[in-house]
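Read off the chains here:
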Amino acid sequence: DAGVIQSPRHEVTEMGQEVTLRCKPISGHDYLFWYRQTMMRGLELLIYFNNNVPIDDSGMPEDRFSAKMPNASFSTLKIQPSEPRDSAVYFCASSFRSSYNEQFFGPGTRLTVL
Amino acid sequence: AQTVTQSQPEMSVQEAETVTLSCTYDTSESDYYLFWYKQPPSRQMILVIRQEAYKQQNATENRFSVNFQKAAKSFSLKISDSQLGDAAMYFCACSGTYKYIFGTGTRLKVLA
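The listed protein sequences derive, respectively, from chains L and Y.
The first sequence begins at 1 in my numbering and counts up by one.
The second sequence begins at 1 in my numbering and counts up by one.
These are calculated hints, taken from the structure and not from any lab test.
Treat the hints with care, since some could be wrong.
What the hints assert, rightly or not - Straight-line distance between alpha carbons at most 27 Å, and here's what the computed DSSO-like set of lysine-lysine pairs gives:
{"no.": "1", "chain 1": "Y", "residue 1": "K70", "chain 2": "Y", "residue 2": "K99"}
{"no.": "2", "chain 1": "Y", "residue 1": "K99", "chain 2": "L", "residue 2": "K78"}
{"no.": "3", "chain 1": "Y", "residue 1": "K70", "chain 2": "L", "residue 2": "K24"}
Unchecked claim - Sample of chain L residues facing chain Y (criterion: CB under 7 Å; computed from the structure):
{"no.": "4", "residue": "L43"}
{"no.": "5", "residue": "L45"}
{"no.": "6", "residue": "P70"}
{"no.": "7", "residue": "F74"}
{"no.": "8", "residue": "E102"}
Computed from a predicted model, the values in this text were never measured in an experiment.
All C-beta atoms in this analysis are idealised placements derived from N, C-alpha and C, irrespective of residue type, glycine included.
Make a model of the complete structure from these sequences and hints.
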């Protein structure tokens, strides 16, 4: 199994630009999570999906952030417009059957907004 | 609301020695799970060990074991015979009905 796949691994953009991060969960997993990791705030849950449906987006910092999961094998996290304070590592994770189970993390996308 | 607290930002251990990382949590849920994840410099998050809250027996995985004190809401990780490859950030997490909450992490340094 290829594991959770995220792209791109690194993204450098300028303030005001739109950024789209992509995730392919492990096949068969029905939960998908988006996290943001910073030195100041640690690992924060942004949003999670169950069977492609957003269940809890209370962690999404503001309206500039949006996430979609059009099918079981693909999800996107979009930031529009991006700001320097959005610079962080963004992780996608997936799990099977329950949020109680082990989450399998992707390698993360390091986002730098100049 | 769930909270997870790791009060040790950084720990050091001599190679082959034993180290214990602390974690306390708070949750209003009666059914929950506790986890320790490892994040090496490669950034990849890896599950180290998992504990079901309804089980009294402490989980073990080779050199890794936990001390789960449910009444005290404490969940510490013990690493025996520490190896250089154990150097990483370690995150404690609590999972309830809806989501995981992670602690702020403990950076473990292993000294040769």
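Outcome of the hint check:
no.: 1; hint: Y:K70 x Y:K99; in the structure: holds (20 Å)
no.: 2; hint: Y:K99 x L:K78; in the structure: holds (21 Å)
no.: 3; hint: Y:K70 x L:K24; in the structure: violated (36 Å)
no.: 4; hint: L43; in the structure: holds (4 Å)
no.: 5; hint: L45; in the structure: holds (6 Å)
no.: 6; hint: P70; in the structure: violated (22 Å)
no.: 7; hint: F74; in the structure: violated (21 Å)
no.: 8; hint: E102; in the structure: holds (5 Å)
In the structure shown, a violation is registered for the earlier hints numbered 3, 6, 7, in ascending order.
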